[in-house]
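Novice: Chain by chain, the residues:
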Amino acid sequence: MLKLVENVSRPGASSERRRDDLSALAEAARRCEPRAVRTFVTAIGPAVLRVVRRMVGPTHADVEDLTQEAMIQILAALPRYRGECSVLHFVYRIAVLASMNARRQYAAEKRSTLEYADVELDGVPAPEPGPESTAATHRAVNLVRALLATLPEPQAEALALHCVLGYTVAEIAQSTGVAAETVRSRLRLAGQSLRPKLVDDRRLRERIEGAP
Amino acid sequence: MTSNQRFPEDLIVCARRGDLSAEEHKSLRVLLGNSEAARLWYEAGMGFDAESPVQPGDEELLARLALRVGKASNQRVSRAWWRIALLAAASLLVATTAAAGGWFLLQRTNHSRSLAVPSERESAKSNLKGTPHSQLTVVESCSAQLAGDVPPPAESASAVARNVPPAAPTIARRAEAASEIFERANRARREGRTGEAMALYERLGSLAPGSVQAEQADLALGELNLQKGTADEALRHFRRYRGQAMSAEALWGETRALRQLGRLAEEREALGTLCRRFPSSPYAAHARKRLGSPEE
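One line per chain: the protein sequences are A and B, in this order.
This note's numbering applies: residue 1 is where the first sequence begins, and numbers increase by one.
This note's numbering applies: residue 1 is where the second sequence begins, and numbers increase by one.
Chain B extracted, bound-state conformation:
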């Protein structure tokens, strides 16, 4: 089958593309006359084609998305490396534990053997001398003491594992929890549950301070506060953003918050900083335009 092969259903598509011969026009009319579904697909298809593919602000939107998606991809890669590192650490831990267990077992066997061999010798001697029990008691008590002091290898391995501080898994769990909360917060924001979204973003700051999610949460909180009209809070969040990837976005948010607060001199200063630090950012054009406009 080639992609040029045509089926009756394709008549609608070809009509939408303006790619119909006179003969196919007739066939299309027949198809539309006979099929209710075909008429609807045709009507809807024309409707979809009539919708404008571009809207004002698309360039900025796409620039923002490229930044965010690029960053998310980097995070994905570093998460993969982090997982590999965790796996390697876990393997090392298991190997060390096994080695320790093996060493204890070996030590124990050697010790038992070193105690058992003289006892046999002694028992042989005692058989000769007629005093079998005194030495055997020593051997038994030594063995019992040894058995009491040194746990069996399996136990020893698990004990070693228990004693190892669980730092890496805790970090991993916290990172997982942070991503989960971040996703929940994003979902809540998308579904218009602003209060819940804000609470979740706030939680990220305390759960995983300094994490990428917490940084992103600051930006989201800034935006949500701007929408809510609490520009002072928005300003606090935009200024708190410490990430690198979205610095321009944070600075742009800061200028909008300052504008909402009526602190126009500070806004102009921030706009100037934005133009200097990020001259090729999509926000710079807006900033320059804003700087060019007279102060309100």
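One chain only, chain A, in its complex shape:
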């Protein structure tokens, strides 16, 4: 079953191939046919879980609850699906929005604990690239996650789809129903919001400035 994770790991060709299968299933699930709902949820489950893990972090305590909420929101949003993008893109997008909103809510309540600079780095594995490099990557990942909680929603959505899930500009435009130039502009603005955050993190800044 977990092979599906691999199948949906790229929003490109493989998802296009699965598009028709999921369309029929999504249509039946939209009509709330219990068996179709169950099959649909089973089919998209690994993808939704993967998105939620990427958005909030793989060891986040609420991964299960957030995945459940995302799935419920996806089912509720199915009547709005017009077929402009593949079902999987639609699913990804709703899952991104659901987990992003949960993270924002959490950030608003416990803002201080979410500051990326305070992220606990103990327990970060130190494989081949060397501990410093791994820690920097980990800090970059956490910085993006923290940024997603503070950016205006359209920018955050574009950044999440682009940086977290690895969508191209055209794919984001197709999923969100906006022009490619709008997506690029949102990504540019998200990039501009990054600078003040980087100032606070000397080590990451050194790493970013030292690259490529």
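Treat the hints with caution; some may be incorrect.
[What the hints assert, rightly or not] Partial chain A-side listing against chain B, Cβ under 10 angstroms, derived:
no., residue
1, Thr59
2, Ile72
3, Leu75
4, Leu97
5, Arg139
6, Gly166
7, Arg195
Since the hints were made in silico from the structure, they are not lab data.
Where is the CB? At the ideal position from N, CA and C, for every residue including glycine.
Please arrange chain B on chain A, whose structure you already have, making use of the hints.
Specialist: Chain B only, in chain A's frame:
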């Protein structure tokens, strides 16, 4: 615009997908050299890709989620039907009330007319006979009596509405309150406010006994008590669960509570029941494994 169209920002994505030509590699190097944001997106993107998409226990987690979400979807549908039924009942009530009001109005008009017509006749007669006031007084007193006995139609409609027992809205309000408390309890549990979550789940049992939320609350209380180490309480909640959809989960919780309590013979019995009743459940594999292991 096609999904194959490439923009400079896509170089990072394509590099992550391992889908770059030699020319694009050069362009990527230029992009990373010029843009701080691009360097961070690249670094973070590689970091996201390096995170393992699967973890041990994912299969069980997804099976659990499929059950819960399926059930929530069914509830959503039945709630929609319930709303439609309530709406239909409310429409029927309004129609009945309006009809009753109309009937009273008609009756009143007819009655007045039946009294007024003879009075006119009588007054005509009395004009002839020269006794106008005696009959008119009767008419007035009858009208006044009628007006006093029968409230005006609008009042009568509202009175009828007031007298109708508000059973359906009360049920709906209680269901709404139960869902609200359930959501609050879930939020509290997610945010680590275990005590508050438990109190709210307990409240559901008394507010809406037998509701889906109260059933789910029993499972949640079982889990929370297990985490807290109060296995006897956990056992009580798991055993109290009367729902259908999560029976396997409740039984699995029961076995864990029994194990925590050291009642291993009972645990094995419950594990056996779990395997027999839910042979294809994700818990059955664990149960069989546990049954295969020697008693501690």
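Novice: Grab the minimum C-beta distance from glycine 166 of chain A to chain B and call the hint holds if it beats 10 angstroms, violated otherwise.
Specialist: 5 angstroms, holds
Novice: Let's test the interface hint: is any C-beta of chain B closer than 10 angstroms to that of arginine 195 of chain A?
Specialist: Holds, about 7 angstroms.
Novice: Holds or violated: isoleucine 72 of chain A as interface residue toward chain B, Cβ cutoff 10 angstroms?
Specialist: Nearest chain B Cβ about 6 angstroms off; hint holds.
Novice: Verify the interface restraint on leucine 75 of chain A: the C-beta must sit less than 10 angstroms from at least one C-beta of chain B.
Specialist: With a minimum Cβ separation of about 5 angstroms from chain B (threshold 10 angstroms), the hint on leucine 75 of chain A holds.
Novice: Checking hints one by one. Is threonine 59 of chain A an interface residue toward chain B, by the C-beta closer than 10 angstroms rule?
Specialist: At about 9 angstroms, which falls below the 10 angstroms cut-off, the nearest Cβ of chain B leaves the hint on threonine 59 of chain A intact, so it holds.
Novice: Does arginine 139 of chain A pass the interface hint, meaning its C-beta sits closer than 10 angstroms to a C-beta of chain B?
Specialist: 9 angstroms, holds
Novice: Take the shortest C-beta to C-beta distance between leucine 97 of chain A and chain B; is it under 10 angstroms?
Specialist: 17 angstroms, violated
Comparing the model with each numbered hint stated earlier shows that hint 4 is the single one that does not hold.
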